[in-house]
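**Student:** Starting from the known structure of chain A, fit chain B onto it as the hints suggest.
There are 2 protein chains.
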Amino acid sequence: MTITSFHPPRRTLMGPGPSDVNPRITEALSRPTIGHLDPEFIRMMDELKTLIQYAFKTQNRLTLPISAPGSAGMEACFANLVEEGDKVIVCINGVFGGRMKENVERFGGVPVVVESEWGRAVDPVKVEEALTEHPDAAILAFVHAETSTGALSDAETLCRLAKGHDCLTIVDTVTSLGGCELNIDQWGIDAVYSGSQKCLSCVPGLSPVSFSDAAIAKINGRKSKVKSWFLDMSLIMGYWGGEGKRAYHHTAPVNQLYALHEALCILQEEGLENAWERHALHHRALTAGLAAIGLEMLVPEKERLVQLNAVVIPEGVDDAAVRSQLLNAYNLEIGAGLGAFAGKVWRIGLMGYAASKSNVLSCLSALEAALLKQGYSFKAGESIKAASAIYA
Amino acid sequence: MTITSFHPPRRTLMGPGPSDVNPRITEALSRPTIGHLDPEFIRMMDELKTLIQYAFKTQNRLTLPISAPGSAGMEACFANLVEEGDKVIVCINGVFGGRMKENVERFGGVPVVVESEWGRAVDPVKVEEALTEHPDAAILAFVHAETSTGALSDAETLCRLAKGHDCLTIVDTVTSLGGCELNIDQWGIDAVYSGSQKCLSCVPGLSPVSFSDAAIAKINGRKSKVKSWFLDMSLIMGYWGGEGKRAYHHTAPVNQLYALHEALCILQEEGLENAWERHALHHRALTAGLAAIGLEMLVPEKERLVQLNAVVIPEGVDDAAVRSQLLNAYNLEIGAGLGAFAGKVWRIGLMGYAASKSNVLSCLSALEAALLKQGYSFKAGESIKAASAIYA
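The listed protein sequences correspond, in order, to chains A and B.
Each residue of the first sequence is one higher than the one before, counting from 1 in full-length UniProt numbering.
Each residue of the second sequence is one higher than the one before, counting from 1 in full-length UniProt numbering.
Bound conformation, chain A alone:
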């Protein structure tokens, strides 16, 4: 056995995440490790909490990063809020809604599924029907930005409906945080989780979460212990709470937290709303370019995510061959379709640091080259021209 140091190739990451990481962030990641109970580290934790509150637009005191990827953030929300027998209305319009249902079941809840078409927003009419039909439902859960399809749902409306029926809300914002409008307090979201590796352009492995006072009240009123020690928010609060002495819970992933702190400093420097606008600009350029060579988007314009673009693969074009060519000849990663869309769409991410003019232009030109090789018929150079016109 002779295994030596691993030196990864340098890729441009325009898939569904991880996205391109700002070099400032990888530099922060490699700063000296200090103890997780060091006074300097605790000061950093306080700042980090403030920065996450800024990104989420919330004053929620229970706002912190879970020490694990977005899937664990999802689990933190469901494990803490769902109790045996709780009825939870789960909206499914893609892969991640399905995972929410799994979570409800594993924690003893009773899921009521509201299906919407994949590639479309969650249908508020269907949600209102379900809320009316199930007045005993305790929670409404949905995905704000479906990473598997590129569809954006109207979180504000869905949360208003939930409040009107006395339901708490659990919202997946893994792909939305930092990339498009998200307003936890104004919209009245009760529990929210996200990921570090999408529009924050941080390395993968952390999941910012936030809980409203109503959510905390439900957690504090639980009859049974949370079916997880690692994700029990009542214990995690003792470590992140900031009220008096920190109680040791688990060893924090120190260096990753440096990286998230740096990512959020960068977001704050740019300004949250400016970051949303930047994502929208590059989305307009990318989609103008794609349209100019006859490629269609999966999601109708009004329900489209700007940070994740699901492009319909034209007939006769070999999905895997194109993605391989982009990766091997251009070091460019774009995403495959997931679930029902495997082989049918590409997912082109414009997230965080990857949402840039140079990335849009080089992606379009690489894609043109790959499509040419596939015998797909279009007028070469038109995508670049159309995208450049948006930037002009």
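In short, the hints are calculated from the structure, not lab data.
Keep in mind that the hints are not guaranteed to be accurate.
[To be verified] Below, in silico cross-link-like pairs of lysine-lysine (DSS-like), each with a Cα-Cα straight-line distance of 30 Å or less:
(1) B:LYS225 x A:LYS87
(2) B:LYS373 x B:LYS225
(3) B:LYS87 x A:LYS223
(4) A:LYS225 x B:LYS101
(5) A:LYS223 x B:LYS101
(6) B:LYS126 x B:LYS163
(7) B:LYS223 x A:LYS87
(8) B:LYS126 x A:LYS101
(9) B:LYS163 x A:LYS223
(10) A:LYS223 x A:LYS302
(11) A:LYS225 x B:LYS223
(12) A:LYS101 x B:LYS373
(13) A:LYS225 x B:LYS225
**Tutor:** For chain B alone, coordinates are given in the frame of chain A:
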């Protein structure tokens, strides 16, 4: 709000973990992020699996790092192996045995507690009594190296007892892996978890785990789904299994895995047995030094961990003042006592990269300075002399 980049101080980490990180590892951490489904990343994952098998001395095919800290690794073992009503014999001789009991309860198991004195090894006689008294017990769980007290238990004997009573074993090796003898296959351990931030000297945030075929059979024979989606080994196997196509489960913490890969490359270069010997050597030097200035160890010699040294705080010496002085004047972190030992012991870690002659000598000299300030009576310089004699 003006929060700027966080620049941590440079500390010497001689507490209970995280330990000093080898600069090679922080450099690896900052290498370019690539996609978690990139062919190059998947090749790295295969190597990482082989390296973890090497460190654990196992051929177990289900061997991989959980994408979260050691507490999540613990939870992965209990969530998957314990089913509703399973009787689990849990040995408690410190904080982490108590956490095991919490895990058993949260996953619906029935814990049978075998208490041993804190600061001592788990008593095999008591364990055998419990196994005899509870022939229906399914699992024996214990901590190999109790980080809270510095006691080492005889894992080989305990596992043999368990096998004799047809019990699976779950063993906490968070602090033992890489620091002292650990032999998963020879000892017949069925489920084991560890941490990246102790004797592997990697950054905190990952938990290497390994499951025997007997453990996998129990997981595959479960009547109910695991009460966690994130930690469900039957799903994680699909991503790490290496048999055919990788199924997407969650986004791997890419950069942290680079770091763990590098940490294990370093271990392999040194040689596992050489690393154990190095830890033992510096332990002998440290304890000789401490004894020379009249400081006593908490744990009897034969049950003592070499990588974590619990030192009794002499009467009249202010625990917090000494630790503060070490941290502020010497940038040296040592650990406080946990639980029943708060204020009564210091925990001095000699883990991984921190197990070095220069660390032993500078820790002893800083400690002498701090004790002098406290009015503790001893002959100055004796600790350095005694430690140096070991190295001579």
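**Student:** Look at each hint and say if it fits the structure.
**Tutor:** Now for the hints, and whether the structure bears them out:
About 19 Å separates the Cα atoms of B:LYS225 and A:LYS87, which keeps this hinted pair within 30 Å; it holds. Between the alpha carbons of B:LYS373 and B:LYS225 the distance comes to roughly 58 Å, so the proposed pair goes past 30 Å and is violated. Using a Cα cut-off of 30 Å, the hinted pair B:LYS87 and A:LYS223 holds, with the two alpha carbons roughly 23 Å apart. A hinted pair counts as satisfied when its Cα atoms are at most 30 Å apart, and A:LYS225 with B:LYS101 qualifies at roughly 13 Å.
For the hint linking A:LYS223 to B:LYS101, the alpha-carbon distance of about 19 Å falls within 30 Å, and the restraint holds. Restraint check for B:LYS126 and B:LYS163: satisfied, since their Cα atoms lie roughly 16 Å apart, inside the 30 Å limit. With a C-alpha separation of about 23 Å, the suggested pair B:LYS223 and A:LYS87 falls inside the 30 Å cut-off, and the hint holds. At roughly 44 Å between alpha-carbon atoms, B:LYS126 and A:LYS101 are farther apart than 30 Å, so this suggested pair is violated.
For the proposed pair B:LYS163 and A:LYS223, the alpha carbon gap of about 37 Å is over 30 Å, so the pair is violated. Our distance criterion of 30 Å between C-alpha atoms is broken by A:LYS223 and A:LYS302, whose separation comes to about 43 Å. Simply put, A:LYS225 and B:LYS223 have alpha-carbon atoms about 22 Å apart, close enough for the 30 Å limit, and the pair holds. A hinted pair counts as satisfied when its Cα atoms are at most 30 Å apart, and A:LYS101 with B:LYS373 does not qualify at roughly 61 Å.
Restraint check: the Cα-Cα separation between A:LYS225 and B:LYS225 comes to about 18 Å, which is no more than 30 Å; the hinted pair holds.
Going down the numbered hints, you'll see the structure goes against 2, 8, 9, 10, 12, while the others check out.
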